[in-house]
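Read top to bottom, the protein sequences are chains W and Y.
In terms of our numbering, the first sequence is residues 50 to 165.
In terms of our numbering, the second sequence is residues 8 to 121.
Since the hints were derived computationally from the structure, they do not count as laboratory data.
Model, not experiment: these values are computed from the prediction.
Where a beta carbon is used, it is the ideal one built from N, C-alpha and C, also for glycine.
Do not rely on the hints blindly, as some may be mistaken.
Using 25 Å as the maximum straight-line C-alpha spacing, the simulated PhoX-like pairs for lysine-lysine come out as follows [claimed, not checked]:
| hint | chain 1 | residue 1 | chain 2 | residue 2 |
| --- | --- | --- | --- | --- |
| 1 | W | K54 | Y | K51 |
| 2 | W | K117 | Y | K69 |
| 3 | W | K105 | W | K54 |
| 4 | Y | K58 | Y | K34 |
| 5 | Y | K69 | Y | K58 |
| 6 | W | K103 | W | K120 |
| 7 | W | K105 | W | K120 |
| 8 | W | K120 | W | K54 |
| 9 | Y | K69 | W | K157 |
| 10 | W | K120 | Y | K34 |
| 11 | W | K117 | W | K54 |
| 12 | W | K105 | W | K157 |
| 13 | W | K103 | W | K54 |
| 14 | W | K157 | W | K117 |
| 15 | Y | K51 | W | K157 |
Covered stretches of chain W, as calculated for chain Y (at least 3 residues, CB under 8 Å) [claimed, not checked]:
| hint | region |
| --- | --- |
| 16 | 91-101 |
| 17 | 152-162 |
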Amino acid sequence: DQQVKQNSPSLSVQEGRISILNCDYTNSMFDYFLWYKKYPAEGPTFLISISSIKDKNEDGRFTVFLNKSAKHLSLHIVPSQPGDSAVYFCAASMEYSGGGADGLTFGKGTHLIIQP
Amino acid sequence: NAGVMQNPRHLVRRRGQEARLRCSPMKGHSHVYWYRQLPEEGLKFMVYLQKENIIDESGMPKERFSAEFPKEGPSILRIQQVVRGDSAAYFCASSPRGGHQPQHFGDGTRLSIL
Numbered sequence: 050d051q052q053v054k055q056n057s058p059s060l061s062v063q064e065g066r067i068s069i070l071n072c073d074y075t076n077s078m079f080d081y082f083l084w085y086k087k088y089p090a091e092g093p094t095f096l097i098s099i100s101s102i103k104d105k106n107e108d109g110r111f112t113v114f115l116n117k118s119a120k121h122l123s124l125h126i127v128p129s130q131p132g133d134s135a136v137y138f139c140a141a142s143m144e145y146s147g148g149g150a151d152g153l154t155f156g157k158g159t160h161l162i163i164q165p
Numbered sequence: 008n009a010g011v012m013q014n015p016r017h018l019v020r021r022r023g024q025e026a027r028l029r030c031s032p033m034k035g036h037s038h039v040y041w042y043r044q045l046p047e048e049g050l051k052f053m054v055y056l057q058k059e060n061i062i063d064e065s066g067m068p069k070e071r072f073s074a075e076f077p078k079e080g081p082s083i084l085r086i087q088q089v090v091r092g093d094s095a096a097y098f099c100a101s102s103p104r105g106g107h108q109p110q111h112f113g114d115g116t117r118l119s120i121l
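Given these sequences and hints, build the entire structure.
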């Protein structure tokens, strides 16, 4: 049973336009969400995160929106650049009762392709 | 480079052999996580360790897999008597402290079983 779902395996966007990547989750206990970017043969690179007490977090070209009632989050990249072509993973976490965050639950990823 | 270091980057083993994967966390990080990624899949959590303690191993297969993070030295993920299904990319991540912190990943070890 997938608790974090990224329903679009791939997304193609023109350079300079906005890229919107979506993610849905089913576990209402998740209270911290992250986006990672991954190039082939490399590890995931942290992009941006959001706590469940917020509905928006912005960092440069990246903005994450959280809709708790819909159990949905999205990552907006604007403007999209060629170097943004990568696989993007959505991940979720819940506070670990003993202190520390537990292991992240990942979606399967969306392959973003930025076209010139 | 003060990032998470994993070695080896590639490891080839024959069925029945043992595989040892190493992870040195970022400087100042005392929390280590191991994940496995199968082809066309997302990363799956395996185990969460702090120095000398296993905090959560709910994602670890019950047999053949073990992990440690000793007081000195890197964290080790050990797979005994490997089988073809163990072929995957294994990623280690670290974070500085408890609570909600981003986990920072190494570049992984790609394990191939012949």
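Inset, instruction - Of all the hints given earlier, name the ones this structure violates by number, lowest first. - result: 2, 10
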